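Undergrad: Sequence:
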Amino acid sequence: MNDVLNVVNLDAFYGKAQILFGLNFSVKKGEIVSLIGRNGVGKTTLLKAIMNISVSKRGKVFLNGHDITSLPTHAIASKGIAYMPDYAGLIPGVSVLDNFRLAFGKKSVDLDFAYQVYPEVKSLLDRRADSLSGGERKIVGLLRTFLMNPSVLLVDEPTEGVSPIIASRIYSIITRMKESGLSVLLVEQGIRYKILSQIAERFLVMVNGKIVLETTSDRLGQEIDQIRKYLAVGGET
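For the sequence shown, the positions run 1 to 237 when UniProt numbering is used.
These aren't lab readings, by the way, just hints derived from the structure by calculation.
As the structure is a prediction and not an experimental result, all values here were calculated from the model.
DSS-like, lysine-lysine: derived pairs with alpha carbons at most 30 Å apart:
(1) 210 to 229
(2) 178 to 106
(3) 79 to 210
(4) 79 to 178
(5) 29 to 194
(6) 194 to 210
(7) 106 to 79
Label pairs and their calculated CB-CB ranges:
(8) 58 to 110: 39 to 45 Å
(9) 179 to 67: 26 to 32 Å
(10) 149 to 221: 34 to 40 Å
(11) 58 to 106: 35 to 41 Å
(12) 73 to 181: 22 to 28 Å
(13) 106 to 79: 16 to 22 Å
(14) 9 to 131: 41 to 47 Å
(15) 128 to 18: 36 to 42 Å
(16) 110 to 232: 41 to 47 Å
(17) 60 to 106: 29 to 35 Å
(18) 16 to 39: 19 to 25 Å
(19) 229 to 59: 26 to 32 Å
(20) 224 to 163: 20 to 26 Å
Ideal Cβ placement from N, Cα and C applies to all residues, glycine included.
All chains should be built: construct the whole structure from the sequences, respecting the hints.
TA: Rendered as structure tokens:
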């Protein structure tokens with residue numbers, strides 16, 4: 001598999017405060033990489049740094065071999081990276097269908113994939129986004145990003161605050177997206193690592209703005225004690 005996303009020697013800052021320190025990793029085509037760590041260690045900052053949202057940075061970010069480090073956010077999105085923040089990124093005052101239309105860029109939107117992986121969405125199309133439950137909002141947000149036809153999806157804590165049943169549903173949808181060739185960088189706190197190991201090929205563990213461990217799903221059982229220790233370590237925001 002070829003690398004689709006490459007992050008090289010990445011530092012990130014809010015003002016003068018350095019949050020990320022020398023990060024190096026890649027995501028291959030059709031691969032799910034899960035970045036896990038406690039709250040406040042810099043996971044969301046990494047996604048924002050890739051997208052150039054409210055963060056200054058040093059280092060390089062490459063998409064399909066092209067340097068996108070200094071591009072504005074809208075240009076990065078147009079080149080094929082979609083970002084779903086932890087609040088799902090929906091526009092609250094409009095319908096689910098209009099959220100889909102805005103993502104697709106056309107009034108007529110192809111919802112075949114959405115209907116396949118989440119048939120319940122048919123009954124949600126006329127609902128305002130701010131009337132959805134937490135789980136519905138996360139799933140609709142995921143489907144919305146897929147309609148942008150990205151090559152890479154950055155997802156920030158898609159299962160935070162939802163039940164285990166909904167979490168499994170969300171991971172199932174992400175897996176279906178991956179099967180279409182999509183590459184995924186999936187950020188989680190790590191409490192669902194057993195489920196994550198069933199969908200992610202690789203894991204990155206972050207502590208205090210640094211990637212301290214990289215492992216594969218096959219080796220997760222051997223590394224789990226060390227990962228638990230890392231997840232018990234707090235960090236600065």
